[in-house]
Amino acid sequence: MEKIYTRTKTIQEDKVSGFCPGCMHSTVIKLIGEVLEELDVVDKAACVLGIGCCGLHMDYIAYDNTTAPHGRACAVATGIKRANPETLVFTYQGDGDFASIGLAESVSAANRGENITVIFINNGIYGMTGGQMAPTTLIGMKATTAPKGRDPKEHGYPMHMCEILNQLKAPYYLERTSCNTPANVNKTKAAIKKAFKNQLEGKGFSMVEIVTGCPTNWGLDALKSLEFIEEKMLPEYPLGVIRDRSKEEV
Amino acid sequence: MARVFMKGTEAVAEAAVRAGCRFFAGYPITPQNEVPEYLARRLPEVGGVFVQGESEVASINMVYGAASAGTRAMTSSSSPGVALKSEGISYCAAARIPMVYANFARGGPGVGSIQPAQQDYLQATKASGNGGFRMPVFAPSTVQEAVDMTYEAFDWADRDRTPVLILADGVVGTMMEPVVLPEMKSDEEIAAIKASKRDWACIGHKLDYAHRAWIQPGQWSTTKMQEVNEEADALYKSWKARSEEYMVEDAEVVLTAYGISGRIAKSAVNVLRAQGIKAGLIRPITVYPFPYDAYDRLDYSKVKGILDVEMSIPALFVEDVAVAVKDRCKIETCLCSGGNIMSRDAVIAAAKKIMEG
Amino acid sequence: METNLCVAGFGGQGVMSLGKFLADATCNSTDKNVTFFPSYGAEQRGGTANCFVVISDEDIGAPLGDVMDDLIVMNGPSLAKFLPTLKKGGRLFINSSIVPDKIDREDVTLIKAPVTELALEMGNSKVLNVIMLGVYVGYTEVIEPAIVWDTIEHKLASKPKLLPLNKKAFEKGLELGRAQR
Chain A
322 MEKIYTRTKT IQEDKVSGFC PGCMHSTVIK LIGEVLEELD VVDKAACVLG IGCCGLHMDY
382 IAYDNTTAPH GRACAVATGI KRANPETLVF TYQGDGDFAS IGLAESVSAA NRGENITVIF
442 INNGIYGMTG GQMAPTTLIG MKATTAPKGR DPKEHGYPMH MCEILNQLKA PYYLERTSCN
502 TPANVNKTKA AIKKAFKNQL EGKGFSMVEI VTGCPTNWGL DALKSLEFIE EKMLPEYPLG
562 VIRDRSKEEV
Chain B
7 MARVFMKGTE AVAEAAVRAG CRFFAGYPIT PQNEVPEYLA RRLPEVGGVF VQGESEVASI
67 NMVYGAASAG TRAMTSSSSP GVALKSEGIS YCAAARIPMV YANFARGGPG VGSIQPAQQD
127 YLQATKASGN GGFRMPVFAP STVQEAVDMT YEAFDWADRD RTPVLILADG VVGTMMEPVV
187 LPEMKSDEEI AAIKASKRDW ACIGHKLDYA HRAWIQPGQW STTKMQEVNE EADALYKSWK
247 ARSEEYMVED AEVVLTAYGI SGRIAKSAVN VLRAQGIKAG LIRPITVYPF PYDAYDRLDY
307 SKVKGILDVE MSIPALFVED VAVAVKDRCK IETCLCSGGN IMSRDAVIAA AKKIMEG
Chain C
3 METNLCVAGF GGQGVMSLGK FLADATCNST DKNVTFFPSY GAEQRGGTAN CFVVISDEDI
63 GAPLGDVMDD LIVMNGPSLA KFLPTLKKGG RLFINSSIVP DKIDREDVTL IKAPVTELAL
123 EMGNSKVLNV IMLGVYVGYT EVIEPAIVWD TIEHKLASKP KLLPLNKKAF EKGLELGRAQ
183 R
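Residue numbers (the working numbering), protein chains in the order written: chain A, 322 to 571; chain B, 7 to 363; chain C, 3 to 183.
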């Protein structure tokens, strides 16, 4: 029999993931590990974790990692990369981290064209702290700090980070993907691989925004959360390549 | 070695370069703008990196990153900017990341004034961030001291894996004085320093869970959290305080001051002595750890009182002095604030008042 | 022996350079302690500018003393502001082109030099500070004039065209200063 799947060695077997059932963090972390192995760069990888659920895997990944103060991952990544350019530096951040408290660090690193990779997990809610409103929370979506649902008059509109960064000249690659279907999981993996390759080739700032679910804080079961992504999240956050400078170079 | 005439901020920047600092991130704020300006020119000359951060917050975190990669890294600011850095400083202390930062302190609270002051004493020595950590705090009173302390700070930081603070002020930063610069570390020495941190530097390791670099500014396990803090506490307790004791043996009035006030108080002691008054000085060189023992060495049968001299209102440094003196004599204060520089005449008058009882 | 000097004037009169040339020359050529302390403000242009130079055989306390031994005043407002800090018996150097020489203190020595006019006569209004530096060094002999000139020459190395004019300005100042001893 042919072996068609091997678990990534970048995830420590005897450790337990802290993620809820149906959470896609574990999917993305698995994809990152697979890409690191496929590119043969595990030994030069350094992951900068944000604060929130995006940091829950620090204990079970087998490659180098550090934790940035809330929102500061792009600044910390800038420091590591500039001090040690041979290292493959990527941040792993949620929407509160990347798009709210860390907005200045995120936009500024992108604007400098830092040769780093951002993996941005957008699930429209604060997970670890228990379901508060995020900058990416959908209109009408309930959160513990927006009990009547997000109201644009009071809370403004969902923030589209790919499109915001697309206003800048420096970013090299911006793509939004999801993990709600097997096909989208594969596309996410391809996007992560491309973003890492860009960095290895010295191309500059790449970001993959991954639209995911949070069944626990959305108050849905795992399957229903997939439907919610398809029906509600993706119309607000359309998938696709927003910017790819490599296409312009040809 | 020939002495050169340099501004405090630029001398600190050059000392950092000579100590092997190869990464600096900072944000403009008066009165320390010459530090980033100098290093923007100087670091590229020696293969180093200068980044103007988008904020103080970003700058300290860039330093946290660069230092996590094993590179000698530094940032600097002035009071309100240092307050913004407190989050990153706490992370460096927690994760045991060696780095150096300088505060060219100005008036406060709030935006305060851009003029020199010593209003950040408690912040610098007791709570430079959340979480109750400690770090060495040097208090230079001359440009030469600022240079020597900066050079040494990098060694201390690396040896103990701790942030180190140079608590200067707007006078030491903006004044020019002759300095003898320390030796420039060679590229080989700098590479060796970086290589010595290879085991824990977050720059990539062979796939091996047990030996990956894991920079941890926090702990999931409460047991581990306590262990980490106990280990840090033992380190803090191993640090030795330093002070200058000047003409204290027979002193009847003892002035005590740090940094810029320290040198003004010392010149006041000289004037008082010339007038036949037995004055002395205790000047902490490190304000953390604090040289409590220097005050124990005083002959309290002779000392009529201690004069705390500081450019801060309310008095802050006096809190450590009071702990050190333990009610063995009275403590008076001579204070100024708002950007005014301590007047030697005022210090002399206050010392004489103590002598008159 | 310690000398506390204050130099004050308008921004743009080269007040800072005057103080820095003197302090730098002292550092380069003597074993004395010396400090230069600039006042600094939020404005980048205009307003008043002043700096303080202390030259001493002992350790220097404040780089800005309570009382000045010498005061160089380049404009009117600075006279009003700093004259009270000049010690009894102190030396007051004024730019007599624009600072009124009616001084309401009898206990100080007045040294006058019309440096604004002299600079204009030399064809460059900017050299007024170098003339005044010459006046100060010529009068006080605080350090060797040749050493001060070496420092100026070194600082202006990137602008060699300006050297002859500055040399002339410095020597004119020395002459004026010595003449009033």
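Just so you know, these hints were derived from the structure itself, not from any lab. Because the structure is a prediction, the values reported are computed rather than measured. Take these hints with a grain of salt, some might be off.
Computed list of lysine-lysine pairs in DSBU-like fashion (alpha-carbon distance at most 35 Å, straight line) [as the list claims (entries may be wrong)]:
id, chain 1, residue 1, chain 2, residue 2
1, B, 200, A, 336
2, A, 365, B, 310
3, B, 358, C, 83
4, B, 191, C, 170
5, A, 514, B, 212
6, B, 212, A, 518
7, B, 132, A, 518
8, B, 359, C, 161
9, A, 336, B, 332
10, A, 463, A, 508
11, A, 524, B, 191
12, A, 330, B, 230
13, C, 89, B, 132
14, B, 200, A, 330
15, B, 203, B, 132
16, A, 508, B, 310
17, B, 310, C, 89
For each hint, the structure was consulted:
1. B:200 to A:336: holds, 32 Å
2. A:365 to B:310: violated, 65 Å
3. B:358 to C:83: holds, 29 Å
4. B:191 to C:170: violated, 44 Å
5. A:514 to B:212: Holds, at roughly 20 Å.
6. B:212 to A:518: Roughly 19 Å between the alpha carbons, so the hint for residue 212 (chain B) and residue 518 (chain A) holds.
7. B:132 to A:518: Outside the cut-off at roughly 46 Å; violated.
8. B:359 to C:161: Judged against 35 Å, a Cα distance of about 55 Å means the pair is violated.
9. A:336 to B:332: Answer violated: residue 336 (chain A) to residue 332 (chain B) is near 53 Å, above 35 Å.
10. A:463 to A:508: holds, 30 Å
11. A:524 to B:191: Roughly 33 Å separates the two Cα atoms, so the pair holds.
12. A:330 to B:230: holds, 26 Å
13. C:89 to B:132: With Cα atoms ~42 Å apart, residue 89 (chain C) and residue 132 (chain B) exceed 35 Å; violated.
14. B:200 to A:330: Cα-Cα ~29 Å, so holds.
15. B:203 to B:132: holds, 28 Å
16. A:508 to B:310: violated, 80 Å
17. B:310 to C:89: Cα-Cα ~32 Å, so holds.
The structure does not agree with the numbered hints 2, 4, 7, 8, 9, 13, 16 stated previously, though it agrees with the rest.
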